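Peer 1: Hey, can you work out the whole structure from these sequences and the hints?
If you number the sequence shown the way the UniProt record's numbering does, the last residue is 291 and the count never jumps.
It is worth saying that the hints were derived from the structure and are not from the lab. These numbers were taken from a predicted model, which means no experiment stands behind them. Yeah, the Cβ is synthetic: ideal placement off N, Cα and C, and Gly gets one too. One should not assume that every hint holds.
[To be verified] No more than 35 Å apart at the CA atoms, straight line, and that leaves these computed lysine-lysine pairs for DSBU-like:
id: 1; residue 1: K123; residue 2: K243
id: 2; residue 1: K243; residue 2: K120
id: 3; residue 1: K243; residue 2: K156
id: 4; residue 1: K208; residue 2: K123
id: 5; residue 1: K143; residue 2: K208
id: 6; residue 1: K120; residue 2: K208
id: 7; residue 1: K156; residue 2: K143
id: 8; residue 1: K208; residue 2: K165
id: 9; residue 1: K143; residue 2: K165
id: 10; residue 1: K156; residue 2: K208
id: 11; residue 1: K143; residue 2: K243
id: 12; residue 1: K208; residue 2: K243
id: 13; residue 1: K165; residue 2: K243
[Stated by the list, open to error] Simulated restraints, written as ranges between beta carbons of each label pair:
id: 14; residue 1: Q227; residue 2: Q199; range: 19 to 29 Å
id: 15; residue 1: R162; residue 2: I194; range: 19 to 29 Å
id: 16; residue 1: E187; residue 2: A284; range: 17 to 27 Å
id: 17; residue 1: P223; residue 2: E187; range: 24 to 34 Å
id: 18; residue 1: M145; residue 2: D280; range: 43 to 53 Å
id: 19; residue 1: L256; residue 2: G161; range: 33 to 43 Å
id: 20; residue 1: K143; residue 2: D253; range: 29 to 39 Å
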Amino acid sequence: MAQDSGPTSHIYMSQRLRLHYVDWGNPDAPPLLLLHGGRDHCRNWDWIARELRHDWHIIAPDLRGHGDSAHSAEGYYGMEAMVYDLAQLIHQQSLAPLSIVAHSLGGNIALRYTGLFPDKVRKLVAIEGLGPPAAMEAEWASKPMHQRVIDWIGDKRALSGRQPKRYASIEEALARMMAENTHLTAERARHLTIHGISQNEDGSYSWKFDNYLRIFPPVDLTPEQKQALWGRITCDTLLVYGKQSWATNPADDGRLNWFNNARVSLYDNAGHWVHHDRHDAFVAEIRAFLA
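Peer 2: Written out as structure tokens, the structure reads:
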């Protein structure tokens, strides 16, 4: 692959789904996997990949139901299914031991995988990947199981009748993208939009992600189980947070203490997408951290 070319697209199979990933070449270099967040796609890492591709073999997958990966037939997106997908990609492509940089939902998946297989991950960077604020998660865990399932059934039934939003033009979808993250430059927002939408038969545009991703299954690990799982992680771990994000700093809410070898890096003038909002500073930090 030429030094200035983009990534190549590939397909792998997991749980009968055709899942997509891009490969930035340089296969003799150490593997680095970039894992995007919810309702996002693998091409959101392009700027990071272009800067690190000369030192790393970079692979960036689309999670199931995202980007150019297949949607779950039953619209189910449990965390255990996504962890399995990640494990399959790493196993099939013989990537371990590898380093991982992951954002939001991808960070949560990567943390769980690393807790399950601590010997397979050299370094881990999780950008706001611990999930909802600790107080919100504790409230969810305290809700009776029957009520969680009832709520989930109602939410899913409501989503079944919800049609994906249609935009008359790329510009209209771009405006929605920029409203979602006011820190984005126009150039970056356009790139994310172009790779995040597909054109419908009538000429309109819709986001690629599955509508069923808007709700989470009613059963998941409790905070205590997460603490035990993250306590199994042995590699150096960097937890990145934006000061202007909705997410709570794990150094303040106590979750940093659930790790053995983790530290928090807090970025000013950054929201939930730190790798976009403070690109240069973020690249410099992870380059040093991963080295």
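Peer 1: So, for every hint listed, does it hold in this structure?
Peer 2: Here is what the structure says about each hint:
1. K123 / K243: OK: K123 and K243 at ~24 Å, within 35 Å.
2. K243 / K120: Roughly 31 Å between the alpha carbons, so the hint for K243 and K120 holds.
3. K243 / K156: Holds. K243 to K156 sits at ~33 Å (cutoff 35 Å).
4. K208 / K123: 30 Å, holds
5. K143 / K208: Distance of about 32 Å is within 35 Å: holds.
6. K120 / K208: 31 Å, holds
7. K156 / K143: Status holds; Cα separation ~18 Å.
8. K208 / K165: Holds - the C-alpha atoms of K165 and K208 are around 11 Å apart, at most 35 Å.
9. K143 / K165: Given that 35 Å is the threshold and the Cα spacing comes to 32 Å, the pair holds.
10. K156 / K208: 19 Å, holds
11. K143 / K243: With Cα atoms ~30 Å apart, K143 and K243 stay inside 35 Å; holds.
12. K208 / K243: 29 Å, holds
13. K165 / K243: 31 Å, holds
14. Q227 / Q199: 19 to 29 Å: 45 Å, violated
15. R162 / I194: 19 to 29 Å: 24 Å, holds
16. E187 / A284: 17 to 27 Å: 21 Å, holds
17. P223 / E187: 24 to 34 Å: 40 Å, violated
18. M145 / D280: 43 to 53 Å: Given about 46 Å between the Cβ atoms, the range holds.
19. L256 / G161: 33 to 43 Å: Because 42 Å falls inside the window, the suggested range holds.
20. K143 / D253: 29 to 39 Å: 20 Å, violated
The structure does not agree with the numbered hints 14, 17, 20 stated previously, though it agrees with the rest.
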